Amino acid sequence: MSGATFERGYNTLKEQIDAPVAAFFSSCVHCGMCAEACLFFTETSDPRYTPIYKLEPLRKVWKQEYTFWGKLTKALGIAKPLTDKDLADWETLVYDGCTLCGRCSMVCPVGNDLAYMIRKLREGMAASGNAPEGLIGATKRAITIGSPMGVKLPALQAQIRGVEAETGLKIPVDVENVDYMLLLSSMEIMNFPEFIGAVGKIFEKAGVSWTISSEAFEATNSGIQIGVSDLAAELVQRIVDAAEKLKVKNVISPECGHAYMAIRWDGPNLVGKAFSFNVVHILEVLDELRKAGKLKLKDKESGSLTYHDPCQIARRGGVLEQPRNLMREMSENFVEMPEAGQMNWCCGAGGGVSSNERADELRIKVFNRKKSQLDSIKVDGMVSACSNCRIHLEEGLEEYHMELPVLSLTETIAEHLAD
Amino acid sequence: MTEMDLLLWARGPGLTIATIIMVGGTLVRLLEIFLMGRKANLAAARGSATAGGLGTMIRRSIPDAGTFKRSTFTIVAGYIFHIGLFIIIFLFIPHILLFKSTLGVSWPGLPSNVVDATTVITIIALVAVLVHRLLDPVLRLLSEFNDYLVWFLTILPLITGWMAFNRIGMTGPSLLAMHILSVELLMVLFPFTKLSHAFTIWIARWYNGAIAGYKGVQS
Amino acid sequence: MKKDQTLGESLREQGVSRRSFLKFCAATASMMALPPSMIPVIAATLEKARRPSVIWLSFQECTGCTESITRSSSATIEDLIFNAISLDYHHTLQAASGDAAEAAREAAMEENHGKYVLVVDGSIPTGNPGYSTIAGISNIDMLKETAAGAAAIVAVGSCAAFGGIPKANPNPTGAVSVSDLITDKPIINVPGCPPIPAVITGVLVQFLTFGLPELDDLGRPAAFYGKSIHDRCYRRPFYDRGQFAETFDDEGAKKGWCLFKLGCKGPTTYNACATTKWNDGTSFPIEAGHPCLGCSEPDFWDAGSFYKALSTPTESLGKAATYAVGAGLLAGAAIGAVNRGRKQAAAKRHQKVTIDDLEKES
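Residue numbers (this note's numbering), protein chains in the order written: chain A, 1 to 419; chain B, 1001 to 1219; chain C, 2001 to 2362.
In short, the hints are calculated from the structure, not lab data. Any given hint could be a false lead.
In silico DSS-like cross-links for lysine-lysine, where the CA-CA straight-line distance does not exceed 30 Å [said to hold, decoys possible]:
#, chain 1, residue 1, chain 2, residue 2
1, A, 71, C, 2360
2, C, 2360, A, 74
3, C, 2343, A, 140
4, A, 85, C, 2048
5, A, 71, C, 2343
6, B, 1069, A, 371
7, B, 1039, A, 74
8, C, 2360, C, 2348
9, A, 365, B, 1069
10, C, 2048, C, 2023
11, A, 201, A, 170
12, C, 2348, A, 71
Interface residues of chain C toward chain A, partial, derived using beta-carbon atoms under 8 Å [as the list claims (entries may be wrong)]:
#, residue
13, 2249
14, 2326
15, 2342
16, 2343
17, 2355
None of the values given here were measured: they were computed from a predicted structure. Think of the CB as a built atom: it goes at the ideal place given N, C-alpha and C, for glycine as much as any other residue.
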């Protein structure tokens, strides 16, 4: 077999099913609570976005391959086996209508981790050729060029030169034996290069040694988003190779949600080996510096600010307290939005949704969920730690004619650094 | 076969067969789950998977405020009939006698008229839950034969039990026989329908909590 | 006693006043839950009733039913009722014995062919006929012979009605009930071990007055067996509240709490014990502190222990569950192994996905 075929996809789904998946499908009682937890359902009222419904193809495979009655009904011809049409019909539900935000996994009363299962379903969808065009293109670029947005080293170098000129700092590239190797998402490099300068300023003041690798600077892992572990592993391996080559102690995942998930939690499992270095999120680094007294700010933001928790960093990543510590450090008036923290609502653009043009309209529609949260608090600005969230939030705010600046936590801290 | 023969069959071979199928079937389902295995996590742990798993097993029974506001009916009606079932099955003295004769342990029960009232409330809650399932668009999309069968299997022992306690509808031996047979039907289909969630939710919640706890999140 | 005397004539001859007679009719009407307007009907009918010939056959019985019927305390009236039927054959009560007794039976059968009432107590062995014989005739033959000319049959006691004690596991004599053998005659079952005296006489009076009574699906007169002990038990409020005696002499027992836990079969037993009671309304087993045995129901000897509650299983579930655990573990392990094999096979078939494998072959 070569090329995407239904058989490859079906076989992949069989491989993906493990004890947790079996426990989850065995326990679902069709209560429908997962729908109420998913912004794609709450903002469209389309029941097909019910998370457990999105998982129907995977459930069918589990039932017919790994349960006694399922196998029996399939053998007797009573149960209908999965078809390629099923997978094709489910493409928009699994890719356009889901960001892998995991809110459903927090709400399910029987304890199902639905996002975990969506991730596995995507493996079968992709292997059978049922992934969205936009994501396929991004993945191809990520593998061949090194960045899903097609950002090559010269583009990065140009941005670095700009940052150096602006800040007067030297941005270290390919320096060995330093404490931290910083990764960057293409989104940051192209749209928010100030981030690089911000990190540079903070690390200089804190006396932290760091570098960027010219061979592996891309944080975004398209393989995770499209759901192809083989390709995701290839992307992670580039980072591992670079980190080992430069003999760094830690690798920093920048302000990007899925990048953190990919390198911190999936990474070693994808390449099949524990890392010889630590992986930290930039927020974790900054909070450590704050605790060590190495993050000295001369003043704070005076306006009221709220914080949007990027799903893969907070709920799925475990970085919940650090941004709040940092917010309190740099803001005089930190206002939490309702359901802040691990139950915060997804911005609507993660997990490959923003790379998928077909999903644009839906993505803007579900921004209404974040809008409702913002409407209930009156703040002067919103801070976050994921550039994909930021871009999409800005788009949403504009669509609904809301004047609200969206700030990067790292950049804002850097702005208030004491000289 | 007389009424009495039916009752004696239900109290005798019927119960034995149902027990064998339920116990055996449940074990098969559990092993079907566990033996699928799970890959070890090679990422560096931030928190404890064990603490997470155990914690979520319990914590998941308490919805957060936001979820409660959005899914109020499902949660409230669900709790009413689950707690009702618990009271009826485990705190009705004639049932406690059944457990005592099988397991050797017994515990104090509630006054039987309280259990009788609980039965009525539970039946009402179950009817409400069915109506909700038939009307709500999400539930209409999700529901299949299994869901309606299980509803029927669950309410039948309640109705026949209420009839038997209040002596309505049939003569003595038939009232008891119908009730015990309806329970046996439930037992026999327990492992092969979504009723198995009674056992598997502890596993599902464990995995959920362990996966999250490993990352330092309390799910 | 002259055979052609009416019951009324016979009673007057004995010196029973009209008043006493009407009192008896009133008591009978009340026991059958009939309205007062029925009293004159009962009186008129009994008055004119010819003393029918009654042949009482005793098979595999303990004589308890005879003891019961003769223990009626208002002996005068019921004795007279007895006198008002022509009891032409009864092992315990008849004066004759041996050949004379059998001759009397045969004579009565011939003279009243098609009109006599056959009363049976005791079960009938279908195994070796030698298990129970009378004058060398097996029970089964005597029953068939005598039933042939009977107008109706009254099966008194649980043995005749359902097989009773002799039928209990392992039933060594092959004991069966009257209705197991006779299918072409109307049979009234009057079960109980023994039946209540007033119920036996009440059934006879009802039959004489109104003909065949309304029977339930076990052939029992609905007037006396229409309600369960549980539905008429004075201890029912305790059941409804869940107050049970745990042992025969604990606090609950002393307070007269429900005997469900001690094995009471009241909920599945239909009889008049809770209302009519025994010894002229003195008491009945539950009132005396002992759970109902269910003695008026078929196979009550084999209906699970007398002392195990109705909500408990009759077989040992522990053993069954243990075997089920073993079988479940084995089957589960086997099925699980097969599943793992499938998964491993799928993993082996995995081909590494490259960027050229993301689009469908067109």
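Hint check:
Restraint check for residue 71 of chain A and residue 2360 of chain C: the C-alpha separation of about 28 Å stays at or below 30 Å, so the hint holds. With a C-alpha separation of about 26 Å, the suggested pair residue 2360 of chain C and residue 74 of chain A falls inside the 30 Å cut-off, and the hint holds. With a CA separation close to 29 Å, the supplied pair residue 2343 of chain C and residue 140 of chain A stays within the 30 Å bound. Note on residue 85 of chain A and residue 2048 of chain C: the hinted pairing is violated, with a Cα-Cα distance of about 90 Å set against a maximum of 30 Å.
Taken as a hint, the residue 71 of chain A and residue 2343 of chain C pair is honoured in the structure, with Cα atoms around 14 Å apart against an allowance of 30 Å. A distance of roughly 18 Å separates the Cα atoms of residue 1069 of chain B and residue 371 of chain A; the hinted pair therefore holds under the 30 Å criterion. Restraint check: the Cα-Cα separation between residue 1039 of chain B and residue 74 of chain A comes to about 28 Å, which is no more than 30 Å; the hinted pair holds. Restraint check for residue 2360 of chain C and residue 2348 of chain C: the C-alpha separation of about 22 Å stays at or below 30 Å, so the hint holds.
Simply put, residue 365 of chain A and residue 1069 of chain B have alpha-carbon atoms about 22 Å apart, close enough for the 30 Å limit, and the pair holds. A distance of roughly 17 Å separates the Cα atoms of residue 2048 of chain C and residue 2023 of chain C; the hinted pair therefore holds under the 30 Å criterion. In summary, the hint linking residue 201 of chain A to residue 170 of chain A is supported, as the alpha carbons are separated by about 10 Å, within the 30 Å threshold. Taken as a hint, the residue 2348 of chain C and residue 71 of chain A pair is honoured in the structure, with Cα atoms around 21 Å apart against an allowance of 30 Å.
A distance limit of 8 Å between C-beta atoms decides the matter here; for residue 2249 of chain C the minimum to chain A is near 49 Å, and the interface restraint is violated. The restraint placing residue 2326 of chain C at the interface with chain A is violated, with a minimum CB-CB distance near 18 Å, outside the 8 Å limit. Checking residue 2342 of chain C against chain A: minimum C-beta separation of about 6 Å stays under 8 Å; hint holds. Hint on residue 2343 of chain C holds. Least Cβ distance to chain A is approximately 6 Å, under the 8 Å limit.
At about 5 Å, the closest approach between the beta carbon of residue 2355 of chain C and any beta carbon in chain A falls short of 8 Å, and the interface hint on this residue holds.
Consistency with the previously given hints fails for numbers 4, 13 and 14, ordered from lowest to highest.
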